[in-house]
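Protein chains: 2
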Amino acid sequence: MAKRGKVNQRQRILEEAAKLFKEKGFAGTSMRDLGGEVGMEAASMYNHIKSKDEILESICFYVSDTYIAQLAEVKQTEASYTEKVESLLRRHVHLMLEDGAAVSVANNDWKYLTGDKLTAFKEARKSYEQGFATLLEQGIAAGELHPVNVSVALFTILSAVRWVELWYYPGRGISAEELEQNIITILLNGLAK
Amino acid sequence: MAKRGKVNQRQRILEEAAKLFKEKGFAGTSMRDLGGEVGMEAASMYNHIKSKDEILESICFYVSDTYIAQLAEVKQTEASYTEKVESLLRRHVHLMLEDGAAVSVANNDWKYLTGDKLTAFKEARKSYEQGFATLLEQGIAAGELHPVNVSVALFTILSAVRWVELWYYPGRGISAEELEQNIITILLNGLAK
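If you read the sequences in order, they're chains P and W. In terms of my numbering, the first sequence opens at residue 1 and continues consecutively. In terms of my numbering, the second sequence opens at residue 1 and continues consecutively.
Because the hints were derived from the structure by calculation, they are not lab data. Mixed in with the good hints, there may be bad ones.
No copy labels: a pair is met if it fits in one copy or bridges any two.
What the hints assert, rightly or not - Calculated cross-link-like contacts (lysine-lysine; reagent style DSS-like; alpha-carbon spacing at most 30 Å):
id : residue 1 : residue 2
1  : K193      : K126
2  : K24       : K6
3  : K19       : K52
4  : K24       : K52
5  : K193      : K6
Please construct the entire structure, taking both the sequences and the accompanying hints into account.
If you want it as structure tokens, here you go:
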């Protein structure tokens with residue numbers, strides 16, 4: 001019970017930290033700011049987390065681990081390449097809608113990671129991009145996807161969804177499901193009928 | 001002849017400035033850095049430009065004026081909405097390929113504009129986005145485009161092409177024309193066949 005409470009406190013600290021880092025940047029956020037949001041003295045927070053750096057690591061690797069797990073999940077399904085690409089894209093956008101602050105931190109503040117952690121994060125990102133690219137390549141080779149340059153397709157897709165975490169909040173006049181579906185329609189089927 | 005020389009010098013200063021601002025940021029670039037690139041004493045540069053601020057203004061408004069002129073051009077052509085969207089998108093990407101440094105400065109360093117210039121730039125950007133959105137709206141209403149949320153379509157398109165100025169250089173293994181065409185294929189016709 002006490003353990004569970006501790007896990008929840010840690011989770012709450014990470015969530016508030018992600019929101020603050022998104023808003024003010026990792027460099028612009030102090031442990032005092034974070035304590036204020038969480039309603040805890042900075043000293044008490046150290047019962048749950050090691051340092052501001054450790055918070056950043058947890059957030060960045062939560063995002064990269066999730067992306068990589070989603071890639072693994074999609075790869076092992078029995079489906080056409082088009083369906084796999086759709087499914088991976090849907091999960092990718094979904095994480096942005098569910099955890100926009102964490103994704104924003106992983107997108108923008110990863111550069112404050114240091115040493116091994118920085119190397120590991122860059123490798124994780126590269127491995128996700130390569131896995132995504134391989135799916136596109138296989139889809140093109142199988143004649144399911146248009147024969148475009150794979151790098152162009154990959155960066156167009158990943159870039160196309162970058163605005164989502166900056167723009168979306170419930171009350172934007174569109175549901176998360178509709179937004180997801182609209183993006184998939186545009187990227188998979190195109191704007192033109 | 002002297003006049004022509006002066007215009008060329010100014011043009012050259014603006015081009016080198018765009019490259020430096022892209023690389024080091026507006027705030028991180030000094031007039032001395034710029035003089036070094038252009039091969040001119042800072043004092044001599046003031047025969048051609050007024051200040052670092054004026055250089056930033058020239059670059060930002062060159063980009064926004066070009067986008068707005070392209071929108072006006074496309075709007076008055078006799079073509080289907082799909083063709084108009086394609087044509088606007090092609091021009092949009094083309095400017096990034098032709099003048100990547102200037103586009104990068106207008107995308108990232110516009111926030112260093114001040115006063116009336118800042119207001120005017122924001123208005124220009126809004127007017128371009130609204131004009132682009134109107135074309136999409138008309139295309140959807142005419143049944144030519146998929147009935148997606150117009151804001152989602154607009155931001156997906158504009159975001160989808162943002163990586164181009166960061167990634168592309170001649171020698172990337174793809175020609176500018178192919179890159180343009182690939183992006184148009186993905187956004188207009190979709191990845192899936």
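Checked hints:
Taking identical chains as interchangeable, the C-alpha atoms of K193 and K126 lie at most 30 Å apart only when they sit on different chains, with a minimum of 27 Å there against 34 Å within one chain. Taking identical chains as interchangeable, the C-alpha atoms of K24 and K6 lie at most 30 Å apart only when both belong to the same chain, with a minimum of 26 Å there against 44 Å between chains. Taking CA atoms no more than 30 Å apart as the test, K19 paired with K52 passes inside one copy only; the shortest distance there is 14 Å, against 35 Å between copies. Proximity of K24 and K52 under a CA criterion of 30 Å is satisfied in both settings, with 14 Å inside one chain copy and 27 Å between copies.
For the identical chains of this complex, K193 and K6 are neighbours neither inside a copy (53 Å) nor across copies (51 Å), given an alpha-carbon limit of 30 Å.
Going through the hint list in order, the structure does not satisfy hint 5, though it satisfies all others.
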